[in-house]
Amino acid sequence: MITVALPKGRLAEEVSDLFVRAGLPPVAAGDGRLLMEAGEGVRYLLSRPGDVVTYVKEGAADLGVTGKDMLVENPGGYYELLDLGIGRCRLSVAGAPPAGMGWESFLAARANRVRVATKHPLAAHGYFASLGVQAEIIPLGGALELAPQVGLADVIVDLVQTGRTLKANGLVELAEILPVTARLIANPVSLRFKAEAVDRLVRGLRAAVGGAVDAHAPGR
Amino acid sequence: MVVDGGEALLEEAARRRWVEGRLAELWSAWGYREVVPPAWLPWEEVGFGTAGLPAQACKFLDPLGRVLSLRPDNTIPIARLAATDLAGQPRPLRLLYRTEVYRRRKGGEAAALPQSGLELIGGASPQADAEVLALAAESLRTLGLEDFRIAVGHVGLLAATLEEAGVTAEARRRVMAALADRNYVALEAALTGIPSLAAAERADLLRRLTVPVPAGAGPAGAPAPDGDGRMAPWRNLSEVLALLDLYGLRDHVVIEPGLVRDLEYYTGLVFEIAAPGLARPLGGGGRYDGLLSWFGTDEPATGFAFEVRELARALADRGRDPAARRPVLVVARDGAAPAAWERARGIRAAGGVAEVDLGRRPLEESLAYARRRGCRAVVAVSARGEEEIPL
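Residue numbers (our numbering), protein chains in the order written: chain C, 611 to 830; chain Y, 27 to 417.
The shape of chain Y in the complex, shown without the other chains (with noise of 0.2 Å):
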């Protein structure tokens, strides 16, 4: 078994630093503070509100017996933080971690991976899913990434949809896990079972789970339902889009009437964030109104994270390298060390990166190194004063 243990080295670390860092700073300034979830949670929390994550969960045993598991999402500890001990915080409470996440893929083997994200805790109207949602476009902004597109679902207007179709209990549950999986193969044979729904029916419900609409054509790109089960979802998704206009967001946005998160606890509007020419999502997120519940408060919520090696990724084939800073290597001679450390200083406090060479090695060596290592220049520093070496 393959195990991905989320290293990164050098110029991805950093690139994956910066990112975080970014998102951090921007995220401060809406007032979203920085909590660190723990790192293992009780077995049965991660059952909370969701039925696929146990499978992908990494469990350990404690001295005690107890079934652990490492943290495979952020949102459900943050969940108990904000339920438990942030109980007494006023609301909303605006919260923002980066930490990894441990999952087992679908073929077994393990992976740490990285997010950043926000939680918007205590906020039911539409405009805490405008805010979420306007706040992770800003974050691809900030980060120079210009050309994404939002992709965005309503859990409860894909439950009335299928509701007033025709669509069992019993079906329904095959149609949102074959959504979920993304298998359009599986949600045909689903629908197929279905007696009241004829041929026609059929094949209309299925272009409409499966085929994008843009925002500009309106919710499910259809006028307002009649039915009262769906006029509720449709308001709901109708504001946000509003919203989203006000800050100028129509056209990044695309409506995925099918689209379903792989996490069930989502209850309303969920999205999922592309950019062109990557191969994976670069995040989501969506409304969960009930996973507070399993703490014993009744809160509504919504919150996206990002995949952080998407975005270092999708910096790093744009040909960005913000995080790269070429050093300068101070090479102390005749003993003059003091004044290589006081060059090195001046270098560092004019925002620079300086290395001070460590000696006892012809000066040839030092040369040989500072241009494997990329440096920007060599300065010799001597008791007659200095001197840059070409590389």
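This is chain C alone, in the form it adopts within the complex (with noise of 0.2 Å):
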């Protein structure tokens, strides 16, 4: 039996789509069970993306799909095994700067201090301490687009795919971090004692991904 944990909400439809692609069970998500046995030997868990990699470090999951901002976020014990290339955004920071202003001369004004309001904390913290930018990080649960426009945060750090809810609250992308796709992890453990039908999963995974992939240099 093997263990799959798979983020509930955005990439859920996708991900089943792959999977089938793969010539694995779908996935039967929106019947609001959160386990379930989908035949062949597969066993699906759904949680949070972020919860996926605690999953799978815990052991309570032999694989997990989850986005690449997810393995920054929680790094070591796991093996990033294929690039899925589903769920493709970036991690970005965004802000309302006066009109004309760039990312650099933002910055400037702000004596390289900023407040980010961010779901992203290590992300975060690396990318300012790359640029030499001294951070305060207000970690925050969601709808992190409020933080600038009541002034609680200067900028956000966060996930973004068309770029739409930034534009409807008056925010502008100001620069990339990480460009973001979904992973597959396993647990280091599982993958000794269950290797056979995690190499077979994998490679089916492999197949359906496919060209998508490769059309595009994978990320580090």
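Each hint should be verified, as a subset may be incorrect.
Below are the BS3-like pairs computed for lysine-lysine, each with C-alpha atoms no more than 27 Å apart in a straight line [stated by the list, open to error]:
hint, chain 1, residue 1, chain 2, residue 2
1, Y, 85, Y, 132
2, Y, 132, C, 729
3, C, 667, C, 618
4, C, 667, C, 729
5, Y, 132, C, 667
6, C, 777, C, 729
Think of the hints as simulated: they come from the structure by calculation, not from any bench.
Dock chain one against chain two, each of which comes alone in its own frame, and use the hints as you go.
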């Protein structure tokens, strides 16, 4: 039996399509069940994208699918096996600078000190440290676009897909931190004790991902 | 920042100490002698043979302004002891230790991690690697863990394989970093950047590096290589595997050609041990021939460490609590304290655990204590004799 932790929400449908193309049982999401025997020795577990990493690290799931941004937030303790090429978006800095002001002058105007609202504290901290900018991280759980509008933060660091939500809240994308796609991760012990089943699943997914990933350079 | 100070309470502490004790006992019987490595080391030593360790170290200043680090690894300070204070000891030098290492995890939080391990210094032969591997396996059997698996790789074989595949020195660093990170997406990216590697060759190399092979299939799942570079490490690995056959371990061994430990001082055979149902590997180790040269002697060495917390957790998960010993509570009645002490002494002499009640409380309270404490029995001792009170 292989237990695969999958993210609820945004990614779920894309994941299910990809899994079916890979010859795996479909993910019957949407009926409220969080744990399902899918047949063919596969069991799916649905959780929040950030928690997928925890399930895999702690061995409650053998494999997991989640965004690269979540791996950056929760490093170590698992194998990153495959770029699934789905859920494509980017982790970016966004804010509301005066018209015509670019990212660098925005930072200079603030003497390289910014307050950053984010769900991605590690990635944000790493990015601003690499710029030599002193960032005060304000951890928030969601609806980040609100923070600059009410003066809680100067900028936000968040996932951006189309930029529509940013625009609706008067924010513009200032800089990209990390291109994000969904990744397949594995628990190190499962990899040894369920090697054959994991390899079969990985080969199927690799074939299903196919040219979609080869078309661009894989991420780091 | 969360700090994991390595604390362990009551049953967990007992289980941990039991594991450490049994391992030390077994390893002593194989001739390994205990050393207690220094708790801190000069900052520069943290970087001896390792590029990634300094980022994980917890450093501080002494009053003279010198930078020191809490021991982030046991092998480095033991290598120094072997090269200096123990230089006069005959070789091979067999050493064991049971102490914590202090590290910052990748997220930044500090942790104190108890390790039990051993080092075999001054032996270059395949017999040395096989002894260390066999002893790791024997350790798990001693603790009652039979269902373990040992993943074996070889740093020399990996380097030669990459070189023969045309992986350039620059790309090799990225490949090794990706393998140490257990990041196969980054591995594929590193291989994709190599012009001499055609798509089919790349796919083949990627599979060879990432898919484990049962040891029965031979090293790296391939017949003896024709290239000169791979011949020596391949033969070394084959000899160790043949010796493991003699130890009856072949079925427990899996070859992972791409296995790279997170410390760069390893030079030859490396391994990692896992047991099913546990989230993390139990430990690992390997050959580190270059490390002692940092301390002025050029000696081959090999060794391993177990993560004691993981071993203790494995025992608890399997419903084994070898350390648990339930006490008998001895209560003195009507001022019969000397008789109660005598009774407790008898229980202890017979190998049991006895607590003497401190008195000055009603018997009811003593009984309530005994129930919550998990006592085996309560014995009330008085001038008239003794009576066991049911709990």
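We went through each hint and held it up to the structure:
{"no.": "1", "hint": "Y:85 x Y:132", "result": "16 Å, holds"}
{"no.": "2", "hint": "Y:132 x C:729", "result": "18 Å, holds"}
{"no.": "3", "hint": "C:667 x C:618", "result": "18 Å, holds"}
{"no.": "4", "hint": "C:667 x C:729", "result": "20 Å, holds"}
{"no.": "5", "hint": "Y:132 x C:667", "result": "14 Å, holds"}
{"no.": "6", "hint": "C:777 x C:729", "result": "19 Å, holds"}
Going down the numbered hints, you'll see the structure goes against none, and every one checks out.
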